[in-house]
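Student: Below are the chains, spelled out letter by letter.
4 protein chains.
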Amino acid sequence: MDKTYINVIKEVDFKEPVFIEALPGIGHVGKLVAEHIIHELEAEKFAELYSPSFPPQVFVNEDGTIEPMKNEFYALKAEDGQDYIILVGNTQGLSPEGQHEVCGMILDFVESFGVKQMYTLGGLGTGQPIEKSKVFGAATSKELAEMLKENNVTLRSADGGIIGASGLLLGMGMLRGMNGACLMGETPGYFIDAEASKAVLKVLLDILGMKVNVARLEERAEETRKMISKAQQMEREMAERMHIAPGEEDLRYIG
Amino acid sequence: MDKTYINVIKEVDFKEPVFIEALPGIGHVGKLVAEHIIHELEAEKFAELYSPSFPPQVFVNEDGTIEPMKNEFYALKAEDGQDYIILVGNTQGLSPEGQHEVCGMILDFVESFGVKQMYTLGGLGTGQPIEKSKVFGAATSKELAEMLKENNVTLRSADGGIIGASGLLLGMGMLRGMNGACLMGETPGYFIDAEASKAVLKVLLDILGMKVNVARLEERAEETRKMISKAQQMEREMAERMHIAPGEEDLRYIG
Amino acid sequence: MDKTYINVIKEVDFKEPVFIEALPGIGHVGKLVAEHIIHELEAEKFAELYSPSFPPQVFVNEDGTIEPMKNEFYALKAEDGQDYIILVGNTQGLSPEGQHEVCGMILDFVESFGVKQMYTLGGLGTGQPIEKSKVFGAATSKELAEMLKENNVTLRSADGGIIGASGLLLGMGMLRGMNGACLMGETPGYFIDAEASKAVLKVLLDILGMKVNVARLEERAEETRKMISKAQQMEREMAERMHIAPGEEDLRYIG
Amino acid sequence: MDKTYINVIKEVDFKEPVFIEALPGIGHVGKLVAEHIIHELEAEKFAELYSPSFPPQVFVNEDGTIEPMKNEFYALKAEDGQDYIILVGNTQGLSPEGQHEVCGMILDFVESFGVKQMYTLGGLGTGQPIEKSKVFGAATSKELAEMLKENNVTLRSADGGIIGASGLLLGMGMLRGMNGACLMGETPGYFIDAEASKAVLKVLLDILGMKVNVARLEERAEETRKMISKAQQMEREMAERMHIAPGEEDLRYIG
Numbered sequence: 001m002d003k004t005y006i007n008v009i010k011e012v013d014f015k016e017p018v019f020i021e022a023l024p025g026i027g028h029v030g031k032l033v034a035e036h037i038i039h040e041l042e043a044e045k046f047a048e049l050y051s052p053s054f055p056p057q058v059f060v061n062e063d064g065t066i067e068p069m070k071n072e073f074y075a076l077k078a079e080d081g082q083d084y085i086i087l088v089g090n091t092q093g094l095s096p097e098g099q100h101e102v103c104g105m106i107l108d109f110v111e112s113f114g115v116k117q118m119y120t121l122g123g124l125g126t127g128q129p130i131e132k133s134k135v136f137g138a139a140t141s142k143e144l145a146e147m148l149k150e151n152n153v154t155l156r157s158a159d160g161g162i163i164g165a166s167g168l169l170l171g172m173g174m175l176r177g178m179n180g181a182c183l184m185g186e187t188p189g190y191f192i193d194a195e196a197s198k199a200v201l202k203v204l205l206d207i208l209g210m211k212v213n214v215a216r217l218e219e220r221a222e223e224t225r226k227m228i229s230k231a232q233q234m235e236r237e238m239a240e241r242m243h244i245a246p247g248e249e250d251l252r253y254i255g
Numbered sequence: 001m002d003k004t005y006i007n008v009i010k011e012v013d014f015k016e017p018v019f020i021e022a023l024p025g026i027g028h029v030g031k032l033v034a035e036h037i038i039h040e041l042e043a044e045k046f047a048e049l050y051s052p053s054f055p056p057q058v059f060v061n062e063d064g065t066i067e068p069m070k071n072e073f074y075a076l077k078a079e080d081g082q083d084y085i086i087l088v089g090n091t092q093g094l095s096p097e098g099q100h101e102v103c104g105m106i107l108d109f110v111e112s113f114g115v116k117q118m119y120t121l122g123g124l125g126t127g128q129p130i131e132k133s134k135v136f137g138a139a140t141s142k143e144l145a146e147m148l149k150e151n152n153v154t155l156r157s158a159d160g161g162i163i164g165a166s167g168l169l170l171g172m173g174m175l176r177g178m179n180g181a182c183l184m185g186e187t188p189g190y191f192i193d194a195e196a197s198k199a200v201l202k203v204l205l206d207i208l209g210m211k212v213n214v215a216r217l218e219e220r221a222e223e224t225r226k227m228i229s230k231a232q233q234m235e236r237e238m239a240e241r242m243h244i245a246p247g248e249e250d251l252r253y254i255g
Numbered sequence: 001m002d003k004t005y006i007n008v009i010k011e012v013d014f015k016e017p018v019f020i021e022a023l024p025g026i027g028h029v030g031k032l033v034a035e036h037i038i039h040e041l042e043a044e045k046f047a048e049l050y051s052p053s054f055p056p057q058v059f060v061n062e063d064g065t066i067e068p069m070k071n072e073f074y075a076l077k078a079e080d081g082q083d084y085i086i087l088v089g090n091t092q093g094l095s096p097e098g099q100h101e102v103c104g105m106i107l108d109f110v111e112s113f114g115v116k117q118m119y120t121l122g123g124l125g126t127g128q129p130i131e132k133s134k135v136f137g138a139a140t141s142k143e144l145a146e147m148l149k150e151n152n153v154t155l156r157s158a159d160g161g162i163i164g165a166s167g168l169l170l171g172m173g174m175l176r177g178m179n180g181a182c183l184m185g186e187t188p189g190y191f192i193d194a195e196a197s198k199a200v201l202k203v204l205l206d207i208l209g210m211k212v213n214v215a216r217l218e219e220r221a222e223e224t225r226k227m228i229s230k231a232q233q234m235e236r237e238m239a240e241r242m243h244i245a246p247g248e249e250d251l252r253y254i255g
Numbered sequence: 001m002d003k004t005y006i007n008v009i010k011e012v013d014f015k016e017p018v019f020i021e022a023l024p025g026i027g028h029v030g031k032l033v034a035e036h037i038i039h040e041l042e043a044e045k046f047a048e049l050y051s052p053s054f055p056p057q058v059f060v061n062e063d064g065t066i067e068p069m070k071n072e073f074y075a076l077k078a079e080d081g082q083d084y085i086i087l088v089g090n091t092q093g094l095s096p097e098g099q100h101e102v103c104g105m106i107l108d109f110v111e112s113f114g115v116k117q118m119y120t121l122g123g124l125g126t127g128q129p130i131e132k133s134k135v136f137g138a139a140t141s142k143e144l145a146e147m148l149k150e151n152n153v154t155l156r157s158a159d160g161g162i163i164g165a166s167g168l169l170l171g172m173g174m175l176r177g178m179n180g181a182c183l184m185g186e187t188p189g190y191f192i193d194a195e196a197s198k199a200v201l202k203v204l205l206d207i208l209g210m211k212v213n214v215a216r217l218e219e220r221a222e223e224t225r226k227m228i229s230k231a232q233q234m235e236r237e238m239a240e241r242m243h244i245a246p247g248e249e250d251l252r253y254i255g
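Protein chains in written order, with our numbering: chain S, 1 to 255; chain Y, 1 to 255; chain H, 1 to 255; chain U, 1 to 255.
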């Protein structure tokens, strides 16, 4: 595996689909939103992306089975006739060059189905307890930024940028004529944040004119928390491999 | 040396060989198991792998001779007629891209001999003293996970993943239709852990229906300990080069 | 986006242009100088450079619109008939390989317009409060170094080098027969340093025989300060993603 | 500059030359030895190597002129008719992949002149004050290791390896049938160590049957100390750029 590649599982016909990205990030805010929509509206996986710039590891599921690191594309045909491509996954590209290669390939792929508009979902970590999670946003044009404001999104004027796939997809998309916006749920960032996800989900549904049961999001958050506990365990082990265990010099370059 | 390459030393005919991987990792648990089998059953080295993503260094043997960083493939024809390819070495690929390239090439190579099943061996560092070393495991399918449980392996449900070649080979192997399992000996991770290795060896022999003298493993551990002391020395030197020695700015990007 | 590329916005005819580089660096000294000249003399953007080795992120402007990471080439035709190409941007290439690729492409591009001489602008951080900002410099030949001295530039003899694009462009330019000099404004390095920028601007104008209103530089510094506050916010967030937020293991390789 | 390349300055006819490598490393022990031989015996520079994996920076000489990062090949025709190729420089490749590419190109180049034997020179940092600097060594064969012992070299049995170009050139050279040895002067590693260099120089001259005035080495050490003070200054600046200066987020991936 020398190059990032996409494995198409099922041919799907899309009509001007909107692209929604929710790869893992702060507080798993975006991931939770996207997985909720996928389950509630029974979106169907139609492609997987693998990359040599993903971390060299695998996850282990509860039943002891192994899950490779990957990104997954879901097809959703909404009741109102609007098509969506939703991107989720268990990792992001890591190096700058890797992120650019992966995001470039994602854009090539969704563009081939006619995508012209995208929403990228994430969290905005404050490191502070939060009473009521605000939704922050930014957009590829003034008109879209205005539209966000009308949907109760706080524009991130003068206080920051967007790191990782949620930012890079918009930035690289702009350069090929796509437009879109990023929605970020304010979160302390310490735990799986269902509250921040709910706030982002509501704004997204308003913007898209989509209907999804919001109440069941909390249950889903519980499942994700289990998955995260795995991730933390892996992090502890990685730390051990790199710093504690004697003779682990072979891994000292990692990181 | 721009690319990872494999130097075939001897042509070997394999009949549906099983692949066993034991590159260096936590507590050198897997390495010890594989080297024990190689010596006891007189497996024969038939190929070597070199990679530009291995650390830019060499080991020095006790007689003052130099040993390049490499992975080594051994051929084993067991008494019951089963063939094995065993992979050991003194290092792993380092960057995510390097690990993917090396593991991809390893899989290409063993697949060319008809490998469909693999066992990857490693340690699971707890950072805690351990009374009796458990064997943890994960597998590419529910059936294989069930089989592990029947062999007294604790499935790693909900508490972690597998980092490095032991995980990545299984993950990338799955994507090309191979199946297999990872066996990890529980270890404090601070020293060469012959106890953890014994536990993994016993489970592996049970699963494979192979017979090997387990008692001599402890002696072999002693030899490995010497090698490790070398590795720690190298790590100290690396630290000096990077942080203490003046004028060593040229190496500051390493790591 | 697998490779660095340059997007030419407007064809410009240059007559032996001088190249001025001022990508972001210590105290934003060079950036401030170049942006001041661009605004005061109404230089015109004619090309943009994008690279996969730029950080995988975007900036957000005050109006909530997104700005990709990029370098920008401006054309300036001075009153005395001298042409200039000025390079500014919101980032630099990151890895050694990335920096070399980006700087090589920049040199190819400006060389195609006949550039034979360049000035690279930056800051020299002392970490100390400074009473009156000196201008330090270095050059590709003894003659140019002598010329710098005559313009009140302190040569950086025996106490340092030049890191990043300001150094690499001169070093790589030398190898293709270009000549030039680097001007560095002494700065504590903790804030947007209009004083250091003024000192560099004056020296540069003297050397080039160019006339620009120096007084308005202070106002411009204020605008830049706002932009920087964004950058600091991004840095805090990056730190959170990497160290504080649980489950952010996917990003642990970044950096 | 996408690839490492060698610029041949002068065509030289060599008769089975011996290759001596002394790129910068701990205590600048090897560098000092090689530069001393080059000056005393008037070896002539005949080629330069540049690489995108060298650090993206330049050095500044005492007269304010800029010096790119590079490796330099010198030709030496000794009185006894033996030819030598001596490699020095102001940097090493940085990433594992970069080191492998650079060392592979160096070996291709010297092999094209008929090199079959090499000596790599370096320091072995102890972090401790040293009374009388021992010379440590390792070799590509038992015979050469024996020869080292007869020349008062302590074999590095069981206590370490060789990191960087000095190790990698020998390891990669072995794989293409070259043989050779590494000589490492024991040094605290904190300063330019003329004592360690003298010890290595004496052993090297004994092995090669070469005659060079050893006394003048101390003077040369003084010059090198000045150069090093520059390097330390650069390191401090790099640290400032990365950790202290606000808004330096663009450089945060470096390192």
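Simulated from the structure, these hints should not be mistaken for lab results.
It is possible that part of the hints are untrue.
Copies of the same chain are indistinguishable here, so a pair counts whether it falls within one copy or spans any two.
Said to hold, decoys possible - PhoX-like cross-link-like pairs, simulated, lysine-lysine; straight-line CA separation at most 25 Å:
(1) Lys211 / Lys3
(2) Lys132 / Lys15
(3) Lys3 / Lys134
(4) Lys149 / Lys10
(5) Lys70 / Lys132
(6) Lys142 / Lys70
(7) Lys116 / Lys132
(8) Lys70 / Lys3
(9) Lys142 / Lys45
Student: For every hint, state whether the structure bears it out.
Tutor: Outcome of the hint check:
1. Lys211 / Lys3: neither (38 Å within a copy, 42 Å between copies)
2. Lys132 / Lys15: neither (37 Å within a copy, 60 Å between copies)
3. Lys3 / Lys134: neither (39 Å within a copy, 38 Å between copies)
4. Lys149 / Lys10: neither (38 Å within a copy, 35 Å between copies)
5. Lys70 / Lys132: neither (33 Å within a copy, 36 Å between copies)
6. Lys142 / Lys70: between (34 Å within a copy, 20 Å between copies)
7. Lys116 / Lys132: The answer is neither: 33 Å in one copy and 53 Å across copies each exceed 25 Å.
8. Lys70 / Lys3: Both ways: lysine 70 and lysine 3 sit 13 Å apart in one copy and 24 Å across, limit 25 Å.
9. Lys142 / Lys45: Answer is between; shortest inter-copy Cα gap is 21 Å, intra-copy 33 Å.
Consistency note: the structure conflicts with the earlier hints numbered 1, 2, 3, 4, 5, 7.
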